[in-house]
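**Q** Use the sequences and the hints to build the structure in full.
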Amino acid sequence: MAPAATLLAILFLIPIAIVAAYSLLSRGPYGGVMPPWNVENYMRLADPLYLSILWRTILYSFLATAVCLLAGFPLAWFISRSGTRKGLFLALVIVPFWTSFLVRTYAWMFLLRDTGLINSTLQWLGLIHDPLPLLYNPFAVIVGLVYGYLPFMILPIYSTLEKLDPALLEASADLGARPMTTMFQVVIPLAKPGMLAGGVLVFISCLGAYLTPDLLGGGKTIMIGNLVQNQFTAARDWPFGAALSLLLMAVVMAMLMPVLRREKDGLL
Amino acid sequence: MDHVLELRKVSKRYPNHVAVDDVSLRVPKGALFSLVGPSGCGKTTTLRMIAGFDQPTSGELLLNGQRIEHLRPYERNVSTVFQNYALFPHLSARENIEFGLRRRGLADLNEPVNKVLDLLQLAGKESRYPSQMSGGEKQRVALARSLVLEPELLLLDEPLSALDPQLRKKVRVELKSLQRSVGITFLMVTHDQEEALSLSDQIAVMNKGKVEQVGTPQEIYHKPATRFVAGFLGHVNWIDDAGVRPESTFIATEPKNGIARSRPAVIRHAMFYGNCFHVEAELSGGIKAVSEVPPDEHRYTPGQQVHVWWHIDDEIRLP
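Line order of the protein sequences matches chains A and B.
Heads up, the first sequence stops at 267 in numbering that gives the first Met the number 0, and the numbers go up one at a time, no gaps.
Heads up, the second sequence stops at 318 in numbering that gives the first Met the number 0, and the numbers go up one at a time, no gaps.
Note that these hints are calculated values from the structure, not bench results.
A quick note: this is a predicted structure, and the numbers were derived from the prediction, not measured.
Incorrect hints may have been included.
Interface residues of chain A toward chain B, partial, derived using beta-carbon atoms under 7 Å [claimed, not checked]: (1) E169; (2) A172; (3) L174; (4) A176.
Here are the in silico distance ranges between beta carbons for each label pair [said to hold, decoys possible]: (5) B:D107 - A:M248: 50 to 60 Å; (6) B:A161 - A:V258: 26 to 36 Å; (7) B:W237 - A:R80: 42 to 52 Å.
Glycine included, C-beta positions come from ideal geometry on N, C-alpha and C.
**A** See the structure below:
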């Protein structure tokens, strides 16, 4: 207990305490923090500009999570049913993590830009005349988020589907349920814990994303992660950056609370 | 039509082995019919083909005279009680029982569900989830879930194997009386010969994918068609070409004459079974014979010279 508590304190509580302390100090002239202590940084959070960025962050994260769920569930189901090739498909899900996320995001830029693979192919086929606006917009940001975090949705769902007793599917068919009914009455209800876990993982990851909106959004559709990053770099306003970080944490906690409560009540 | 189910030359072949080999069977209407055999004999595969989970490689399946081998499991009016019951863990007892009725789009679910809850003594337990049920309760819910659909045939896969040994005999009696009261044909798969003998109206003994014999428990026990059947349903002493059950094999200190056959033997050892001893004696030529001896008649010691005898009428003669 004691070593675990110590580790937790060093890795988790102390960094948060430092961030909390920063958020209550004033900005130094060249970055960093200095006295006096004050709550001014928190007052600034109420600025409609920042609230709209927070709202956009939540909206994009929600959309990306929904798309991940809709795409991830069928994929996880397919993998869990593919017998001896399960290992291969799971490896394919994980392989992208072997290269840098930055590199993969640049790859998406090459795909989506006006002279990119998608637009030039469509033009070559004669389907479009002018290139479609695929890059530097909310669409590109959500595509990037879905691409980046889809494995976090697939893996937990896969693990619940993998544990599903095949006799339950047979029992369902035996009692007169067609395959689609079995899917909605048996498989999906029993896969809920995995869907919830995947949803939480993807949603939280999206809330904190800054690379994807920066590169694929072209800096036009910034999310709260970009705002935080900006305060610690260009704006040199560490205290405000710290306050924004804590706001993000509070949002995550507020959104997780219903999920955690469900888990505690054993409703999963 | 006096039979519900008919199998005509049904086979299930895999690349490396034959699970079910040219099986033909008729299951009489209203009967409790058992498929027995050791593990790997093809009895479970046969059951799964009848339920529709596996497809026969060749042969015909007829339910009330209609071919069903091309129908999906949800298109057959056959229901299965699974070995581990396969209750839906996210549904209560009542919701599990309603599952099949809902698929049929019934307007009033309460009446049939309440009826089957009463029949299986589940009233008051309908809101329990599978994780809150005992083994016996799970089994009754699984039975209720199938019986409420009034299937033409109820398939039971090792229905008693997941229960505690103490509970098994009690449930065996209940299962038999349940089958009598609902009048639905039960087709049960079991590897337990005692279970099959005590429960069944008819038994089919399977071995290596083939049916070796079909008959009433008495026929199977007293007139086995093959050495395998004789040996599977209890012990048999094979003395030359005659088989004798332990309860028909006697031990005496003097040779017997007349209608009996008698052979000199030496006592080897005795095992106590509560209601009797099984005394093993060795005949000339190394043949071993087991005799069932009542506890108060057991007075033999290892090495003692005795005579093993039996009535000619009790001999099992293979055709």
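**Q** May I ask you to test the interface hint for L174 (chain A) with respect to chain B, counting a Cβ-Cβ separation under 7 Å as satisfied?
**A** Holds, about 4 Å.
**Q** Does the nearest C-beta of chain B fall within a distance shorter than 7 Å of the C-beta of A172 (chain A)?
**A** holds (4 Å)
**Q** Next item in the hint list is A176 (chain A). Is there a CB on chain B closer than 7 Å to its CB?
**A** With Cβ-Cβ at 5 Å, under 7 Å, it holds.
**Q** Range hint 42 to 52 Å: satisfied by the CB atoms of W237 (chain B) and R80 (chain A)?
**A** Given about 50 Å between the Cβ atoms, the range holds.
**Q** Could you say whether the range 50 to 60 Å given as a hint is met by the Cβ separation of D107 (chain B) and M248 (chain A)?
**A** The hint (50 to 60 Å, Cβ to Cβ) holds, given that D107 (chain B) and M248 (chain A) are roughly 53 Å apart.
**Q** Regarding the hint that E169 (chain A) lies at the interface with chain B, is the smallest CB-CB distance below 7 Å?
**A** At 5 Å from the nearest chain B Cβ, E169 (chain A) passes the 7 Å test, so the hint holds.
**Q** Could one say that the CB atoms of A161 (chain B) and V258 (chain A) fall in the range 26 to 36 Å?
**A** holds (35 Å)
Going down the numbered hints, you'll see the structure goes against none, and every one checks out.
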